[in-house]
Every structure is written in structure tokens, then in C-alpha cells.
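Working from the sequences, and respecting the hints, build out all of it.
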Amino acid sequence: MEDIRTGMPVLARHAGEWVGVYTHVDADNNLIDRHRSHLTCTFPTEGPHAYHQTNVYTWDDGRQETHLFPATYRAGRIFWDTDRIQGHAWEVDPRTVCLYWERLNMPGWYLYEMIQLSDCGNHRGRTWHWFENDQLVRRTCIKETRLK
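Numbering-wise (UniProt numbering), the sequence shown opens with residue 1 and increments by one.
Since the hints were made in silico from the structure, they are not lab data.
Warning: the hint list may mix true and false statements.
Each pair of labels, with its calculated beta carbon distance range [stated by the list, open to error]: (1) THR54 to PRO9: 18 to 24 Å; (2) PHE131 to GLY16: 26 to 32 Å; (3) CYS141 to GLU65: 16 to 22 Å.
Straight-line C-alpha distance at most 25 Å; calculated DMTMM-like pairs for lysine to aspartate or glutamate [to be verified]: (4) LYS148 to ASP119; (5) LYS143 to ASP93; (6) LYS143 to GLU91; (7) LYS148 to ASP60; (8) LYS148 to GLU46; (9) LYS143 to ASP28; (10) LYS148 to GLU65; (11) LYS148 to ASP93.
C-beta atoms are modelled at their ideal positions from N, C-alpha and C, and glycine is treated no differently.
What follows is the structure, given as C-alpha cells:
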């Protein structure tokens with residue numbers, strides 16, 4: 001069986017902790033929300049999940065949310081099937097990972113995400129395109145820096 005780090009070398013370069021800012025805009029680019037993030041991306045060596053991501057979001061008013069995203073690996077892709085999302089990710093080129101996912105609490109909605117990792121591995125830019133009933137309704141832009 002192929003190891004995830006061998007099968008998805010670009011994703012493997014994302015291991016570690018990332019801090020950044022999420023900026024959500026509507027289809028007309030009006031600001032919906034902005035918050036800080038601290039993400040941890042790991043590759044467990046034991047257990048059922050080949051990849052695990054923990055997202056901690058913090059707003060200026062002190063609100064905080066934590067979300068866990070364990071994923072399995074097969075055939076060159078990772079797959080999420082949690083109580084929050086279902087989807088998968090694949091590599092496009094030496095800098096790019098793409099994701100497709102559905103938010104289970106939002107019927108009729110789906111998202112595409114593109115992640116660009118810098119050559120030095122310390123910076124990444126991510127964009128989400130949110131669709132409701134096949135219509136673009138929102139975008140999320142994320143700028144992150146590797147913490148460690």
C-alpha cells in the first residue's frame with residue numbers, strides 16, 4: 001500500500017502549524033466575515049486516518065471555534081467523511097492541491113478549494129468558491145504563514 005507522503009508529496013509539505021486570516025466575501029465581493037486561524041496538519045502513523053487537520057478560528061470579539069478534519073487516503077487522494085464535511089483532495093502540480101467538499105449542514109451547497117504552497121514551503125494562499133444550487137454565492141480568501 002502506498003504511503004500518503006509518497007502518493008501526495010505536495011500535501012506532505014503542508015505538515016505543521018499555520019496561522020493566517022480568512023476573508024469571506026459574497027458573490028459581489030462585499031465583506032461577510034473575517035477571522036484569524038491556526039491550523040495544524042499532521043500525518044498520523046497509527047490509526048485509521050492518514051491525515052488529520054485541526055482548525056481553530058478566532059474572531060476579534062473573542063469567539064472561537066475548533067473543527068477536526070480526519071481523512072483517509074487511497075488512490076492518490078485524501079477523503080473526508082465527517083459530521084461536518086464530505087469531500088476529497090488531489091494534487092495538481094508541484095505547488096497546488098485542489099479540494100471538493102460539501103458542508104453537510106448546508107444542503108445544495110458545495111465548495112471547491114485551491115491551495116498554493118510557496119516554493120520555500122512557508123507561505124500559502126487558499127481560495128474557496130462556494131456554490132449554492134450551482135450558483136457562485138461566496139468566496140473565501142485565506143493567507144497563511146507557517147508557524148512551525
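Checked hints:
no., hint, in the structure
1, THR54 to PRO9: 18 to 24 Å, "holds (22 Å)"
2, PHE131 to GLY16: 26 to 32 Å, "holds (30 Å)"
3, CYS141 to GLU65: 16 to 22 Å, "holds (19 Å)"
4, LYS148 to ASP119, "holds (16 Å)"
5, LYS143 to ASP93, "holds (20 Å)"
6, LYS143 to GLU91, "holds (19 Å)"
7, LYS148 to ASP60, "holds (24 Å)"
8, LYS148 to GLU46, "holds (22 Å)"
9, LYS143 to ASP28, "holds (20 Å)"
10, LYS148 to GLU65, "holds (21 Å)"
11, LYS148 to ASP93, "holds (24 Å)"
Violated hints are absent here; each numbered hint is respected by the structure.
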